[in-house]
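Visitor: Below, each chain spelled out in residue letters.
Protein chains: 2
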Amino acid sequence: MPALPDKHRSFIEWYLEVLELAQLTDKRYPVKGMNVWTPYGFLARRQLDRILIEEIEATGSKPVEFPTLIPQTEFQKEKEHIKGFDAQVYWVTRGGATELDIPLVLRPTSETAMYPMFALWIRSHQDLPLNVYQIVNTFRYETKTTRPFLRVREIHFFEEHTCQVDEGHATARVESNLGAFARMARRLGLPYLAVRRPEWDKFAGAFYSIALDAPVSGAQTIQLGSIHHYRENFSGPYNIRYEGPDGTSRLVHQTTFGLSERLLGALVAVHGDGKGIVFPPEVAPYQVVIVPIPSKMGPDPRPWTEELAGRLRGRGLRVEIDASEDRPGAKYYRWEARGAPLRLEIGGRESAEQSATAVDRLGTKVPIGPVGIEDRILGLLGEFDRRLYAAAEERFRASYATAATLEELTGSEKVRLIAWCGEEACGHDVERAIDGALLGTIVGDPPLPLGAPGPCVACRRSGGTVWAVAGRPL
Amino acid sequence: MPALPDKHRSFIEWYLEVLELAQLTDKRYPVKGMNVWTPYGFLARRQLDRILIEEIEATGSKPVEFPTLIPQTEFQKEKEHIKGFDAQVYWVTRGGATELDIPLVLRPTSETAMYPMFALWIRSHQDLPLNVYQIVNTFRYETKTTRPFLRVREIHFFEEHTCQVDEGHATARVESNLGAFARMARRLGLPYLAVRRPEWDKFAGAFYSIALDAPVSGAQTIQLGSIHHYRENFSGPYNIRYEGPDGTSRLVHQTTFGLSERLLGALVAVHGDGKGIVFPPEVAPYQVVIVPIPSKMGPDPRPWTEELAGRLRGRGLRVEIDASEDRPGAKYYRWEARGAPLRLEIGGRESAEQSATAVDRLGTKVPIGPVGIEDRILGLLGEFDRRLYAAAEERFRASYATAATLEELTGSEKVRLIAWCGEEACGHDVERAIDGALLGTIVGDPPLPLGAPGPCVACRRSGGTVWAVAGRPL
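Those protein sequence lines, which keep their order, are chains S and H. As numbered in the numbering used here, the first sequence has no gaps in its residue numbers, which increase by one up to the final residue, 574. As numbered in the numbering used here, the second sequence has no gaps in its residue numbers, which increase by one up to the final residue, 574.
Take these hints with a grain of salt, some might be off.
The list treats identical chains as interchangeable, and a pair is accepted whether it falls inside one copy or across any two copies.
Okay, derived cross-link-like pairs now, EDC-like style, lysine to aspartate or glutamate, Cα gap no bigger than 16 Å in a straight line [unchecked claim]: (1) K132 <-> D201; (2) K162 <-> E420; (3) K127 <-> E113; (4) K107 <-> E117; (5) K431 <-> D460; (6) K375 <-> D460; (7) K375 <-> D106; (8) K177 <-> E332; (9) K514 <-> E531; (10) K514 <-> E494.
Note that these hints are calculated values from the structure, not bench results.
For reference, chain S alone in the conformation it holds in the complex (with noise of 0.2 Å):
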């Protein structure tokens, strides 16, 4: 079998290769950046779909789901956003053979489609806090290169938006987001900084964004998603508006937090290897792959084979059997591609015995049962998840390094940590040091060991900086 791309050398040729030989997504349709998904990447969402609804439900949003097409008049109310957006919509301008009387944008992200809606569904304080989210597509007329699941023109996407009676909610939706999120991304096991993105840099619209992001590879980093708080820009031109406890009528504070299938695309990049993806247990489409070895002597491996996929169903685990006529070696290099936590191999031995050999996807190989094999095999789920953390973590730790000087940026081969006064010409210094973006300032308290900043890398002036990053967003 001829051998990966380095991922480290060569990134983004190791990252395409993966997702061919993994079959995570069919890139040969007939429209640029819009991708198949194939059954396997399919059932990888939906895992990950299932873990942003359980989280974010828990939080007491409600889902929704709003139409894809927004009239062209909504879509021009707020008018940093439309400047954001207008470069990058599809329109509709055709029914039929009917010209519209009023174009049509495929919705880009869904403030414009629902903000109308918004401001007839919030009446009073009671109405308030309304809180929905849905999983929907969304469109870009992307002009950059794309990229499965990193940069598409269709984009199955997760947007929650929310109404206040202030900012000081607001604020406090934005920080229910961050644990959201910090519980989510546990469950997908991947590491992250939550920084604020410069003003430059921020949504179109927003009062702030924060944005999540994962160190890839040497100084390169991907965002996972990004929570912004509106204030009152949007309720404002859409007139979202509500009677207060003492009569007055007050514009709601708006936040909104977005994720994407690029979640699928970091996991691949940052737990992937030489061998193809490895998923954690929670995102697998497949769980245990068990791969029966036929053999001239011994039992046929079939029975037990079926009654241990039954039993591992039975509790709650996604099992696939193998049982193609390909050789055990090419169905081991497959579901090593594929990124199955857990293989289990059972030959004539263990079809007598009632046991399997394991072999989790970092390659550690125990036999197990007959006693409480069910158990030990939920067991070592458990632990190859908590391993494949450890090591994420590791690298993540790895991936960054502080830099006193604009020097040290050029040429990073790391993610860089500096002090920054927080002038925007000092940004930019940045920006054009590392050729790459001022990622933001850090939010909250990172998961890195950081004293107290110095003077800014750029002015080198003291005091009043803060911990910035500065990177090469993917």
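We have chain S already, so just place chain H on it with the hints.
Guide: Frame of chain S, contents of chain H only:
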């Protein structure tokens, strides 16, 4: 509270008011025929989707998702298909400020998106059968009056597409789909009739089409879904071929199975009554709604309410506590309108006893508990489901009547079962007489008592006639 319109005299008025009252959808979105899935509607749809997914995956179908946009060049490959859809597709013609070289169609259905890829996926007979399905939104530029769930411009859609080695295997897949639909329909509590649509009403491009129709009110029927046999009609133009075991290249035979949010509209239409929706427990967003009734004397009902809710959730039930400030009567009214199968009233006495007063949506009221209260509630839900289905079956049987002459069809208040010779001219005579449609010939063993068919209702010719159905599709 104002009474709902009479369901039988003014079906559509009743239907629209029930949807408003239950807040199952919001049709004030500023694009006609594109409605908002409210939280309550979305939760019902989630259960509906779950049933479809469980039943189709049990037959070996795998989930996929193809892009929303289809290039004009692919869309136009099958001539009948394009004729059928050309007048009702939305066209994307612009991305940002750029006119697209090749306009894109918003999928009205996904044959033309999937089949170019199937041609790449299928190489040999080992790749067959290919059974995949997706649940996505489709789009039709509908010129008729739109109605939530029944006729909309953005449609929540289930579509299975399969490729088989030959016509016989494709016919077997059609039969497998009929079996899967029978199981889905039972779980939704929807009696229906499977009919083979006449030639002039089959799906654009199909060899034949089987429709799954339910009677609604008078002679009105609603199409719940359809199953199509395509033979080689699409695999020819899309060149979907495989190498047979003998080395020859052959075209696959294809089938599709389509369902949509109409099922939700049908649920409302079939089970609803003068108070609103009646949800079967499988689909109900909340299967049990608990109404705590505070009183000045007696213990606070909230602790027992919370405990009971927790215990029922532990048994897998979807439970809502209505803790709003409304009076108990207003809560009963609300949850009757919204169709919750079972309401539990908990006042001071129930709280003291750890019991409840259970009232099901058909009006049966019983005291339950404290011993074995969870089992009792599960039992009541099962019983409710059986009674609901039995009542629907009884109305189903009462909706049909045979007609031996065209005169009997005129102004008919029933769906009519007629003997038909199969001639198109006779079919059109039937359609004119009933002022509706010849829905098709009965497939399989109908759940209605029917002897041998007599002479054709139109031309009076004896012999060679079959039972057909005539009604007025919604």
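Visitor: With reference to the structure, classify each hint as holding or not holding.
Guide: Outcome of the hint check:
1. K132 <-> D201: between (29 Å within a copy, 13 Å between copies)
2. K162 <-> E420: Answer is between: at 13 Å across copies they meet the 16 Å cutoff, but 33 Å inside does not.
3. K127 <-> E113: within (15 Å within a copy, 47 Å between copies)
4. K107 <-> E117: within (10 Å within a copy, 59 Å between copies)
5. K431 <-> D460: Intra 14 Å, inter 53 Å, cutoff 16 Å: intra-copy only.
6. K375 <-> D460: within (13 Å within a copy, 57 Å between copies)
7. K375 <-> D106: For K375 and D106, the Cα distance is within 16 Å only inside one copy (10 Å; across copies 66 Å).
8. K177 <-> E332: For K177 and E332, the Cα distance is within 16 Å only inside one copy (14 Å; across copies 50 Å).
9. K514 <-> E531: within (14 Å within a copy, 75 Å between copies)
10. K514 <-> E494: within (14 Å within a copy, 72 Å between copies)
Hint compliance for this structure: no hint is broken.
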